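Fit chains B and C to the supplied structure of chain A, relying on the hints for placement.
In order, the protein sequence lines correspond to chains A, B and C.
Following the working numbering, the numbering of the first sequence begins with 1 at its first residue and continues without gaps.
Following the working numbering, the numbering of the second sequence begins with 756 at its first residue and continues without gaps.
Following the working numbering, the numbering of the third sequence begins with 1196 at its first residue and continues without gaps.
Hints may contain errors.
As the list claims (entries may be wrong) - Pair ranges (Cβ atoms, derived):
{"no.": "1", "chain 1": "C", "residue 1": "1615", "chain 2": "A", "residue 2": "125", "range": "33 to 41 Å"}
{"no.": "2", "chain 1": "A", "residue 1": "442", "chain 2": "C", "residue 2": "1349", "range": "32 to 40 Å"}
{"no.": "3", "chain 1": "B", "residue 1": "1044", "chain 2": "C", "residue 2": "1495", "range": "22 to 30 Å"}
{"no.": "4", "chain 1": "B", "residue 1": "1080", "chain 2": "C", "residue 2": "1495", "range": "54 to 62 Å"}
{"no.": "5", "chain 1": "C", "residue 1": "1349", "chain 2": "B", "residue 2": "1080", "range": "35 to 43 Å"}
It is worth saying that the hints were derived from the structure and are not from the lab.
These figures come from a predicted structure and were not determined experimentally.
Every residue, glycine too, gets a C-beta built ideally from N, C-alpha and C.
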Amino acid sequence: STSFTSTPEIWEYPDFVDDGDVPSVSVDDYGYPLSSVGMPYYSQKLLSAWNNVVFRSPGTIPMPIDTSIQSSAKMQVSKNGSSPDVKTYALMHYDKNKFGPRNTLQPYICLRDVRKRIASGTIPDDVLRYKPLKEGEIPPAYGKLQLSHGRYGSDNFDFQAFNKTPFSTLDTDGDNTYTNAVLQLYRFVPEVFNFVVGCLKNENFESNSLLTELGYLYDMIDRSKGTVCRSTNFQSSLNSIEKAKELGLTTTFPNDLQMLERLNIAKEKISTGPERLQRSLGQKFNEFLLTRLIEEEAGRDANSMVLKELFGFQLDSIVRSSSQHYEKSTSTVLTLTLLSPARNGFKSVGKRSGNQTILPYLESSMKRVKHINNSKLETVGYERTVKNLPPILSLNILLTDSEWNIAKSNRNWLAKDFYATMSKDKALLQPTLKDLKGNSPIFKYELNGYVAKVTDNNCESRLVTYARKYDRASDQFKWYMFNGYLAIEIEEEEALDISYWWKTPEMIIYCDAEEIRKPFFSVDTYPINCDILYRDHFANKLKESAKLEYKLLTKEEAPQPGSLVAIDAEFVILNEEMSDIDCHGVKTIVKPKKTALARLSAIRCADGPLFGVPFIDDYIFNEGPIENYVTKYSGISPGDLDLKTSSKPLVSREVTYRKVWLLMQIGCVFVGHGLSNDFKHININVPAAQIRDTALYFLRGKRYLSLRYLAFALLDRNIQEGNHDSIEDAYTALILYQKYLDLQKNGTLEHVLDR
Amino acid sequence: PTIYPPPHSLLQYHLYAPDPPPHLKVPLKPNEQTPESLFIPNDLREELVKRNLASLQVFPLGGATPTIVQDYFGLVPLDFNKSTGKKDSFQGHKNSLYKVFSNLDGKVYLLRRIHAVSITDPAQISSTFQAWSKVASANVVKLVDLFLTTKFGDSSLCAVYDYYPLASSLYDTHFTCFPLVPITQELLWTYLVQLTNAIRAIHASGLAVINLDWDKVIVSGSPGRVKISGCGAVDVLRGQEPFDLLAEQQRDFIKLGTLLKDLASKMSSKKDSSVQDLVVDDDFKSVLQYLLNQDNSKKNIQQLTSLFQDRIFDVINSSLTYTEYTEGVLSKELENGRLFRLMCKLNCVYGRMESRIDVNWSESGTKFPITLFYDYVFHQIDTSGKNVLDLTHVLRCLNKLDAGVSEKIVLTTPDEMNCIMISYKELRDLIDSTFRSLTQ
Amino acid sequence: PTIYPPPHSLLQYHLYAPDPPPHLKVPLKPNEQTPESLFIPNDLREELVKRNLASLQVFPLGGATPTIVQDYFGLVPLDFNKSTGKKDSFQGHKNSLYKVFSNLDGKVYLLRRIHAVSITDPAQISSTFQAWSKVASANVVKLVDLFLTTKFGDSSLCAVYDYYPLASSLYDTHFTCFPLVPITQELLWTYLVQLTNAIRAIHASGLAVINLDWDKVIVSGSPGRVKISGCGAVDVLRGQEPFDLLAEQQRDFIKLGTLLKDLASKMSSKKDSSVQDLVVDDDFKSVLQYLLNQDNSKKNIQQLTSLFQDRIFDVINSSLTYTEYTEGVLSKELENGRLFRLMCKLNCVYGRMESRIDVNWSESGTKFPITLFYDYVFHQIDTSGKNVLDLTHVLRCLNKLDAGVSEKIVLTTPDEMNCIMISYKELRDLIDSTFRSLTQ
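Just chain A, with the same shape it has in the complex (with noise of 0.2 Å):
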């Protein structure tokens, strides 16, 4: 037996095949049919059928390429050294959080069931949830909110569902709704709070005073209690600013944050390299608004220095070039750009740069190094050094896409205390006490609060604020969130937790331990100038033909808290509102109409001879276009609101606020038909204990029903029978409201209402 097998196996052979005599053909010879090579029979089913499935990804909206990767792409595509036309592509970080596991098919989402969802109005049970369920999801508290208008306008619209806190929010519907975030952000720093309402103590008729406005915004803020608010009156005058305008700070844009910026940056034409760093648009805001507030400040008072005191960093600039030139200058800002240590001229020396927190960004931000080769023999070098440490930091953070990869790594990256020293010339900062030394004052710093940017998906952005507040009663300091009209206490940990994909610091407050423990003070606290309640104060001259048809009120006529005035309001339109409408007629109003502050009148109700008389008829000018004055409606004529033209007593917007204002803050009670809607255009929140609306006693059903009808039929006065009059209205609210005491002293009050 040498290779043979003995038992005889039937061997297997592969087919010969003659296929024909088929010449090979390539793959590029598009002019080869690929029918050319025909099919074997078959009587099974080919392997090429496919299974009864369903394809739902057309359609699917793609997730866009975020910038973080963009960015460092454009850096690290190198070329290959050996052939000149291979690159090589550089491997750069995925962020398996925010784009899901590798070669995912994204989920369908139909953007018209997301519109019908939007639209029915109907609140998610977890939209306050703050906390992802899974990684990398954006909780709902963080999501894009809702239109508080939709289809019939926000008076329906169930704000108390987004807020449980005893804090006001403000409402996205106006215009610059970013600039919300900022403003709530300082609303929870005592002294900056404390200063602002403060200043509404004395009479200031300056036109766009932000600093008035924020004052009343505030001082809104914090009668509301948790209702709802808006920064109208503050963003007008904010619009009427020259220099806001100049920066691209405003915006009449419904839309979100990133597309802003993206219209700003295209209006600059700003050529940004992927490297270069541009400050947000909230960041300029930020640092717009503070300089903006020091400016007021001194402008009616030289000497006094309480916000500059508070924020302002002294900073020595010094260049230096090897040519021996040497420059000095020494200046003041009120922000601080916090840039990476990197990026100051620190090398970061054998500490991992993935374990450090703000601490070495800030102290490196404070003095900086930087040298640029201007030629291939100078070198120039730049050093800014911040010389003081300022109660209140108030950092701007600037950070690449890369940059904030590493900081997010580090959970404690947001310091949420330190203590800091100047320690020659230069600012020492450390997590503890024990590391610091020196025979400077040591002070600590609390973290007051942050605006962080949250980004979708998709790629829209939004702003939202993290705020820090001392409860007194509990000794305890609580965290609460605010995005737009949506605010949520939630725990100290989740607020310092910086980690998630989506949220990004811009704005970050610092305040000394001190600062942070002081109580806030209502503007009640101070004695209050109510002159303006006994003066006129008109913006044009009177003319001759002018007829003033009320009789200012004296001293001897001071209001009483409780004191009874009869109000009525007329507005005109400054912009229509904005609506979107699909095929099928279906309308969402995006951004409700802008109005303007026309006219206002209040009326004695006190019994005696001048019962009815009007104290107050004040016609507010309007410099800037209006698309509607609705005469019928307002009374208001073309012409009427203009300087030169009116033959009116026209009175400045701020004029006729201070005076309502004064009037409320006195403890008045209002007394007019449809008043919650006056107050909301006015932009004041009156409390509802001083409210006396007759729209809201003489309701049918849910129908309100109009101040005429109501006149006739219970008064038997034809009223408004021309345009409308807002004396005449504000007396009729009057009389119908004592026909209401009678009807219900009566016990009629049924009985005429079914009537």
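For chains B and C alone, coordinates are given in the frame of chain A:
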């Protein structure tokens, strides 16, 4: 092959890419697609495959069929006209049909043989051919050749026409071929418009149709495309007999009317109904009345057309729409062809044994994006982590790759730690250059 | 027992057939076939590739273009209309064109944005949409959606239409886009017929075109297919102003006349020629005279059509012919989809990351033949050791795999030490089951 298709095997169309059973055809949302919707519709494909088969069909030689006739070979006798057997169409001469291949251009033609004719004057043939070969109308089957041959063992007149595979006569379409196509008012209108178009072209060339009946009109495709076939041969047979062209042309109108009336009368079960009794609309009746009017011997296309202007626009509409439809289907299939070639290239460069040890294919290598792209296209998972192969995704990706668009994609490494950003254009160039360097 | 050759693996089915004969393009001489005449004419393929590219091209995010507008995303600004810049078409409103993808069905559409409008009444939009979306004509670009949006930063009216990639306006086709298409008498007739068809459909729906000029008519394909585009938007802008429909419809006739006269006048170098001076035939002149007659305010389609009945048949002719041409081309490309599907399955199972550590895919594993087969099909080398990709080899292998023939092949391991003998049928079952288990 000498015999095609092989006798043992009929094509199993239902095994190709079966349509889902009807009960599974749930209404889809606009964004949802089934595999079927991405490719040529099955019925259209089947029809076209059948046409291809019909064109390619070869019969065993034998009998009296010659191998080569003039410039034509591979004769396959066709019999679709046999059943009706109206022998008088060609003045009593027997006639047969063959599918033939042309030696000149390799294409398939239809050859009509008129048996046993006696023609002596060559001009009879050449003048007829001259006249008819110039008639150009989408509704007339083109005469390509006309000759007298003895190859069949007699003196046969052969007329060669364009071949429309699977085309059947109007009669067969509506009355014999399964499934029968029901006659509708719309079909009648479109037949009328098209046949008028055919007659217009023929009359304008100084000719008459003469043989116009429902056996000589073929349905060559949807939607209801018809053509007058078999023209010219009878003109030769007529020879030098005196011939009144105008009278024949007037007779064409009456024949058209008769043809349409006969079709219309089959719409109801009544027999031998008058024009008034037909279940067609009044406009159509007045057209029929015009055509069938024996007293009017001055009928013309102009007058006739004015009776149904509106309907012409309907035909234009449906014809333009169908053109766009076929163009759409074609571009889909062409794309599939391109994509197949592209995939061949991709597969040629991807997964080669040698690449497993080549540093260029490693994570830091220049070819790494190809590996990641292959994964990205073919190895997708859904959000629940299940493997899915979404053909629309594959189509989208490959189409973009093929077009080399500037859109960028992010390709992630298997460990999900890193990614590469690359545009389709760069990918295409990379694959292209890799392929070229491999195969050179 | 093996039969040579195994009859069942003959590759004889689904072959393309020789060209069906309708001679659209007559090749040089009958026997001189260029590849173009045999297969898909390259210009048609190129055209389709270009359209594919045009449809798929995306635009980097940035600038003032929003990411998503209503149901549409991926906006790419188009500017082919910019050159003419007639701002008065939309009552003085600026307008821009975008190519968009629909979130509803994933298809590409054209979005026309009319800037800065003030519309408050929803009925203005819904009623216009209702009316226009019902207009169905092959010569009117269909209105798909109509809405008001604030996404552009103003209040913009957006009208969404079917997208015809690479379609250019009449003006651009003849005067700006290279290569310029010369205007001919035939083109003028076919434009007239098609535009009449469009106006007929629009007037019949109780609407008027209003914006009819050579910028608003697009050329969507050969042969000279035109469509009126941009309809509907201007109706919304009109708002509640009183509107005389009949007068507007009469104006449409004059506009049509002006459009055609302007085109015709470009045929000669003379400027401002009167209708009589145009270098067109007399029939066309009388059509122009009818259309441009200011005194006749009772023009209608019926009368108009009677002036050029004959020409309508020409349009039918060319349209039918083109349909047959595309059908013919299509019949060669029938297998593309099948091969594409097959490759997708194969690529789905092959080369998965997880298979690199899966023992089943190793040399001793059950899936190993798939790897070897992939190698066998796509990674061939010729006798000189050069890599080759032979398309016919790939097609043969894949077709046999698809059908699962019993033919056996030898697949050799990369080290060339071992081999596997396996039939296509077994391979087919293996790939099928692997694919199933993967995606289930």
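Okay, the hints, checked on the actual structure:
1. The hint said 33 to 41 Å for the Cβ distance between residue 1615 of chain C and residue 125 of chain A, and at roughly 60 Å that hint is violated.
2. Range check, residue 442 of chain A to residue 1349 of chain C: Cβ separation about 56 Å, and the 32 to 40 Å hint is violated.
3. A hinted range of 22 to 30 Å holds for the C-beta pair residue 1044 of chain B and residue 1495 of chain C, which are about 25 Å apart.
4. Separated by about 31 Å at the C-beta atoms, residue 1080 of chain B and residue 1495 of chain C break the suggested range of 54 to 62 Å.
5. Against the hinted window of 35 to 43 Å, the Cβ-Cβ separation of residue 1349 of chain C and residue 1080 of chain B comes to about 39 Å, which satisfies the hint.
Going down the numbered hints, you'll see the structure goes against 1, 2 and 4, while the others check out.
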